[in-house]
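A.B. asks: Just need the whole structure built from these sequences, with the hints factored in.
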Amino acid sequence: MAEFRKLLEQNKFSDVRTYIASGNVLLRTSLEAREVEKKVRALIKKNFGGDLDTFALTPDELARVLKESPFKKPDGKTHYYTLLSDMPSASAQKAFSVIDFSPDKIVLKKKVVYAEYRTLISESKFNNNYFEKKLSVRGTTRNFNTMSKLLEIAREMVG
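For what it's worth, this note's numbering labels the leading residue of the sequence shown as 1, then goes sequentially.
Since the hints were made in silico from the structure, they are not lab data. C-beta atoms are modelled at their ideal positions from N, C-alpha and C, and glycine is treated no differently. Treat the hints with care, as some may be off.
Below 35 Å or equal to it, Euclidean Cα-Cα: the simulated DSBU-like pairs (lysine-lysine) are [to be verified]:
{"#": "1", "residue 1": "Lys-110", "residue 2": "Lys-125"}
{"#": "2", "residue 1": "Lys-111", "residue 2": "Lys-94"}
{"#": "3", "residue 1": "Lys-110", "residue 2": "Lys-133"}
{"#": "4", "residue 1": "Lys-73", "residue 2": "Lys-105"}
{"#": "5", "residue 1": "Lys-94", "residue 2": "Lys-109"}
{"#": "6", "residue 1": "Lys-67", "residue 2": "Lys-105"}
{"#": "7", "residue 1": "Lys-6", "residue 2": "Lys-39"}
{"#": "8", "residue 1": "Lys-38", "residue 2": "Lys-134"}
{"#": "9", "residue 1": "Lys-134", "residue 2": "Lys-73"}
Label pairs and their computed distance ranges (CB to CB) [claimed, not checked]:
{"#": "10", "residue 1": "Asp-75", "residue 2": "Glu-35", "range": "33 to 43 Å"}
{"#": "11", "residue 1": "Gly-49", "residue 2": "Ser-97", "range": "31 to 41 Å"}
{"#": "12", "residue 1": "Lys-38", "residue 2": "Val-158", "range": "15 to 25 Å"}
{"#": "13", "residue 1": "Lys-38", "residue 2": "Asp-60", "range": "17 to 27 Å"}
C.D. replies: In structure tokens form, the structure reads like this:
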């Protein structure tokens, strides 16, 4: 991640910080979120060879995702957030709303799939790939602990 952080700093991103080695990056920029996504994706492809999806959220957007969780008292072992690249179509949302996710609880709100797993996430078929397929949008999934820590770091950066 040190090499990636340096690459971002060399490409006009500032105060670049990483959190765990799973692609969580916090940075300062004057670019809009979609432009950040495009630029970071292009840098990854050019310098590391992978064509990876990228997602950019402001601190306020990250806080809203956590605040709007439909589940009470979320925790890092059972609560996950799948951030979606775009709003799913109305027909995809409707089809998704009637799926029986038992024993897990899954809720789609705007561009986020909120999940409360009664099983281990590794044992559930309701995962990032499943959501992408059913909703026809790209997604990335993080647990409550990671999302909370990212928000904490983002707030520290804002001051």
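A.B. asks: Give a verdict on every hint.
C.D. replies: To see whether the hints hold, each was checked on the structure:
no.	hint	verdict
1	Lys-110 - Lys-125	22 Å, holds
2	Lys-111 - Lys-94	14 Å, holds
3	Lys-110 - Lys-133	17 Å, holds
4	Lys-73 - Lys-105	14 Å, holds
5	Lys-94 - Lys-109	12 Å, holds
6	Lys-67 - Lys-105	17 Å, holds
7	Lys-6 - Lys-39	15 Å, holds
8	Lys-38 - Lys-134	24 Å, holds
9	Lys-134 - Lys-73	27 Å, holds
10	Asp-75 - Glu-35: 33 to 43 Å	34 Å, holds
11	Gly-49 - Ser-97: 31 to 41 Å	39 Å, holds
12	Lys-38 - Val-158: 15 to 25 Å	23 Å, holds
13	Lys-38 - Asp-60: 17 to 27 Å	21 Å, holds
Consistency note: the structure conflicts with none of the earlier hints.
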